[in-house]
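*Asks:* In order, the protein sequence lines correspond to chains A, B, C and D.
For the first sequence, numbering that gives the first Met the number 0 gives the first residue as 0, with consecutive numbering after it.
For the second sequence, numbering that gives the first Met the number 0 gives the first residue as 0, with consecutive numbering after it.
For the third sequence, numbering that gives the first Met the number 0 gives the first residue as 0, with consecutive numbering after it.
For the fourth sequence, numbering that gives the first Met the number 0 gives the first residue as 0, with consecutive numbering after it.
It is possible that part of the hints are untrue.
[Unchecked claim] Here are a few chain D residues that sit away from chain A, every Cβ distance over 12 angstroms (derived from the structure):
| hint | residue |
| --- | --- |
| 1 | Pro31 |
| 2 | Ala33 |
| 3 | Gln44 |
| 4 | Pro45 |
| 5 | Leu46 |
| 6 | Gly145 |
| 7 | Ser181 |
| 8 | Thr195 |
| 9 | Glu238 |
| 10 | Arg239 |
[Unchecked claim] Taking lysine-lysine and the DSBU-like style, the derived pairs with C-alpha atoms no more than 35 angstroms apart in a straight line are:
| hint | chain 1 | residue 1 | chain 2 | residue 2 |
| --- | --- | --- | --- | --- |
| 11 | A | Lys46 | B | Lys271 |
| 12 | B | Lys132 | A | Lys46 |
| 13 | B | Lys96 | C | Lys188 |
No lab work stands behind these hints: they were computed from the structure.
Note that the Cβ used here is the ideal one computed from N, Cα and C, for glycine as well.
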Amino acid sequence: MIRDTQPLMMNRQTELFRFSGDVSDPDFLDWICHRANRLGLNGWVRKNAAGGFIEALASGPEELLDAMELGCSLGPITVWVETVVRCPHDSDGPMPNGFKILTQAD
Amino acid sequence: MTISDVARNDWYPVAIENLLIEGQPETVVLMGETLTILRAADDQIKVTAADGSECPLTLRYGHVWSSIGRPEHALFDIPEAAEEGRRMVDCGPVRVKASPLRVVENFLDIAHFPFVHTDILGAEPHTEVEPYKVEIRDTVDEVWATKVRFFQPQAAKSAEEGQMTDYMYRVPAPCVSILYKTSPPRPGAWDVIGLFVRPISEELCDAYAWMALYDEDSNQTDLVQFQQMIFLQDRSILENQIPRLLPLDPKMEIPTRADTTSVAYRRWLKRKGMTYGAQLVAR
Amino acid sequence: MGLQLYDYILSGSAYKARLLMALLGVDYQPVAIDFHPGGEHKKPDFLAINPAGTLPVLVDGDLTLCDSQAILAYLAQKFDPTDTWFPTRDPGVTGRILQWLAFAGRLTDTAGAARLHDMLGRPLNIEKARTNAHMVLRELEAHLTEQGFRGDNFLTGSNPTIADIACFPYTALSPDGGIDHDDYPAIRKWLVAIRRLPGFIEMPGIHRLHDMRDEADA
Amino acid sequence: MYGLLKLMNAGLTENDQGSDGWVPVVLSADLPVAGVMRAQIDATQPLDLVVWRSRSGQVSAFDNRCPHRGMRLSFGFVRGERLSCIYHGWQYGEDGACRHIPAHPDMTPPASIGANTYLCREYDGVIWISQNADNPPDLPTFGGQGLRSLSVNRDEADLRKLLAETCIPLSGAGETAPAEASIIAENQTSLVLESTTEAASLQLMIHFQKVTPGKTMLHIQTNPDLPVDLRISLSRWAERFRWSAENMGTMVNSWDASAGEMRP
Numbered sequence: 000m001i002r003d004t005q006p007l008m009m010n011r012q013t014e015l016f017r018f019s020g021d022v023s024d025p026d027f028l029d030w031i032c033h034r035a036n037r038l039g040l041n042g043w044v045r046k047n048a049a050g051g052f053i054e055a056l057a058s059g060p061e062e063l064l065d066a067m068e069l070g071c072s073l074g075p076i077t078v079w080v081e082t083v084v085r086c087p088h089d090s091d092g093p094m095p096n097g098f099k100i101l102t103q104a105d
Numbered sequence: 000m001t002i003s004d005v006a007r008n009d010w011y012p013v014a015i016e017n018l019l020i021e022g023q024p025e026t027v028v029l030m031g032e033t034l035t036i037l038r039a040a041d042d043q044i045k046v047t048a049a050d051g052s053e054c055p056l057t058l059r060y061g062h063v064w065s066s067i068g069r070p071e072h073a074l075f076d077i078p079e080a081a082e083e084g085r086r087m088v089d090c091g092p093v094r095v096k097a098s099p100l101r102v103v104e105n106f107l108d109i110a111h112f113p114f115v116h117t118d119i120l121g122a123e124p125h126t127e128v129e130p131y132k133v134e135i136r137d138t139v140d141e142v143w144a145t146k147v148r149f150f151q152p153q154a155a156k157s158a159e160e161g162q163m164t165d166y167m168y169r170v171p172a173p174c175v176s177i178l179y180k181t182s183p184p185r186p187g188a189w190d191v192i193g194l195f196v197r198p199i200s201e202e203l204c205d206a207y208a209w210m211a212l213y214d215e216d217s218n219q220t221d222l223v224q225f226q227q228m229i230f231l232q233d234r235s236i237l238e239n240q241i242p243r244l245l246p247l248d249p250k251m252e253i254p255t256r257a258d259t260t261s262v263a264y265r266r267w268l269k270r271k272g273m274t275y276g277a278q279l280v281a282r
Numbered sequence: 000m001g002l003q004l005y006d007y008i009l010s011g012s013a014y015k016a017r018l019l020m021a022l023l024g025v026d027y028q029p030v031a032i033d034f035h036p037g038g039e040h041k042k043p044d045f046l047a048i049n050p051a052g053t054l055p056v057l058v059d060g061d062l063t064l065c066d067s068q069a070i071l072a073y074l075a076q077k078f079d080p081t082d083t084w085f086p087t088r089d090p091g092v093t094g095r096i097l098q099w100l101a102f103a104g105r106l107t108d109t110a111g112a113a114r115l116h117d118m119l120g121r122p123l124n125i126e127k128a129r130t131n132a133h134m135v136l137r138e139l140e141a142h143l144t145e146q147g148f149r150g151d152n153f154l155t156g157s158n159p160t161i162a163d164i165a166c167f168p169y170t171a172l173s174p175d176g177g178i179d180h181d182d183y184p185a186i187r188k189w190l191v192a193i194r195r196l197p198g199f200i201e202m203p204g205i206h207r208l209h210d211m212r213d214e215a216d217a
Numbered sequence: 000m001y002g003l004l005k006l007m008n009a010g011l012t013e014n015d016q017g018s019d020g021w022v023p024v025v026l027s028a029d030l031p032v033a034g035v036m037r038a039q040i041d042a043t044q045p046l047d048l049v050v051w052r053s054r055s056g057q058v059s060a061f062d063n064r065c066p067h068r069g070m071r072l073s074f075g076f077v078r079g080e081r082l083s084c085i086y087h088g089w090q091y092g093e094d095g096a097c098r099h100i101p102a103h104p105d106m107t108p109p110a111s112i113g114a115n116t117y118l119c120r121e122y123d124g125v126i127w128i129s130q131n132a133d134n135p136p137d138l139p140t141f142g143g144q145g146l147r148s149l150s151v152n153r154d155e156a157d158l159r160k161l162l163a164e165t166c167i168p169l170s171g172a173g174e175t176a177p178a179e180a181s182i183i184a185e186n187q188t189s190l191v192l193e194s195t196t197e198a199a200s201l202q203l204m205i206h207f208q209k210v211t212p213g214k215t216m217l218h219i220q221t222n223p224d225l226p227v228d229l230r231i232s233l234s235r236w237a238e239r240f241r242w243s244a245e246n247m248g249t250m251v252n253s254w255d256a257s258a259g260e261m262r263p
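Required output: the full structure, derived from the provided sequences and hints.
*Replies:* Structure (structure tokens):
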């Protein structure tokens, strides 16, 4: 069903999330993407193979970024998120419309 | 199904100590097993399994606690129970057709007060949940939520107007939640309300409320019935949440900051491997 | 000394008396009896007041009434100057009201018993109780459907009477005993009509109608 | 001459394939303004739905599960054009989109947070639900009056068979020769029973809702403007039909003398 996009009255902000712990299940990326789309956030998620963690850039109102953190900190049963680190991100570049998974090639 | 060790080897409430009458055995079901509780002629209380074997026993906080496994730890401590001047109130078991974990989770929630406990614990338009602090305290292996504040329309019988009330929540065991709340007669002190849940099955439980209050005036039965009123307002919610098990994967849900305690509780259950009463894959 | 009501907060029968007194604006002194977990209603002090050991009990001076339907009739006769809650001038009307007061007893025995089983763990053949409760609710549904054809919103006419108050609690509370209202559209409308009465009070298991607090829609 | 009213357009023929995908869930009159109800539909994927009517009269249907924490929305309440969940008061518009989260009152929820919606149409006195957006409603037209809905603990197929095979006097007591009713039209969702005597003609349209296996809801409409006593008779006929269906027997072929009289 197509819905009108509502104007978000709140201040949008962009944050970089780092999820670490036992996060190797590749389905976790889909899970995060699904959560971000559900929350109407823009951005991307990718696996940081070198660092062994997942990182995501998400843009939206603060309350929804909090909801993003909460949902992902629990995540699917195959994953244990030990820590979530969030830091503000000054992004000059354009944010993707919607939320997507970046592959290693991206 | 197999019951995970963490669920088996824990303590659960099986009776109210004061209500056990000598020579009159009571039977209850704990995670599918029938237990018999008896106060013998020598005033000793015993809990026996269906095969006749004796079960572990602890008498504390007005309740008889037992287990179908072998608890390696003592029952959690509630230091306030030993404080002088408090009044202990046993509110009795209420049966709920829901996962015991759902019952505990609901007890940790404040955002429902204006809609479910209208004009008692909350009232519109005072619905905002301010940020509060939640942590898993590794040293004691407990979930704590502190600095919780919420508008209460009538904090005490004498109160004319509503006010912000302070709360703290503590989860010392998967099926137990303890609430600390500003004591109206002693603003600097906390009243303590515990919810002790006995899983009958994964989707059915008995919940015992217990209170340790600073209150010298109220009639004991009035206190019991106030607590029963609150809990019965929650019961129809608990029996109508889908799924009946508590999801450990929140894919079908949308927790927000007001649900921080709920998420911390579920994370803690997940880490402990407490899967009894939990749904592992979201549906 | 005024009215005293020996009361239990979770009792649908005691709620009948509380509800009618609220609707009539009658003051009373509630006396909480520890039905659960204490079983105080079966102990000597209470049995001295009501040998049957049931709740509620209404005491008004020298008079003690131990049946919720009788309490409703008494309260309406004594405190309703409009004579609408229990009109007795027309024998046909009176007869029909008494018929529904008796019917209320069947609700208590079926849906009320199922609720005590599911909520407080009282022993019962629960499947049988639920089946019988649905049979009773079907009768109520059929009657309310016919009342609807007549343009009447309540059990015996266009105004509520003690018949409605007597049948309301255990019908409204039946989901507490695993008996939902999905099959009963006329009952659903009737329950809402009672909850909309001025002066209505709730009890645990019967939430208030939050829609009565209408907000400006953004 | 109320009984001689003809169906303006029964909308059904023997070849009619019916309105595939549309399921009747309630008579319009049984879902008043600000009404909220639960409807179950037995399908390949069984549905548990909330159906509600806004202040302005609009009807909507969602999954009966609040996206926040799974509470059944059928316990909720309607204010204005929104349905609120009873648990934490999350509000949803008729399109299912979340409009307000009371715990975070200053935030405007994004349109992506919403309840799962179904097509919901009010048509000719009945509220219908469909999962299939590609399938336009082709619903029966009857122009009648809602009689009542009642649940029967039998499968729809059994009920149709029983209705087809059984001699069912629809007319009231006092008739010299109670007429037999026959099915004059039938499709996948509904059928029309007609009973004609010299004095009167009666039609009942029955819409079937599969609720759960072994349980069917009948939503019954009649000719418009029937007198009260005849409507009572027909309501009691429906009760007798249910009794008969649930007891596996044949229809009791006598009219309840206590039922209303039909006076030409």
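*Asks:* Of all the hints given earlier, name the ones this structure violates by number, lowest first.
*Replies:* Per hint list: zero violations.
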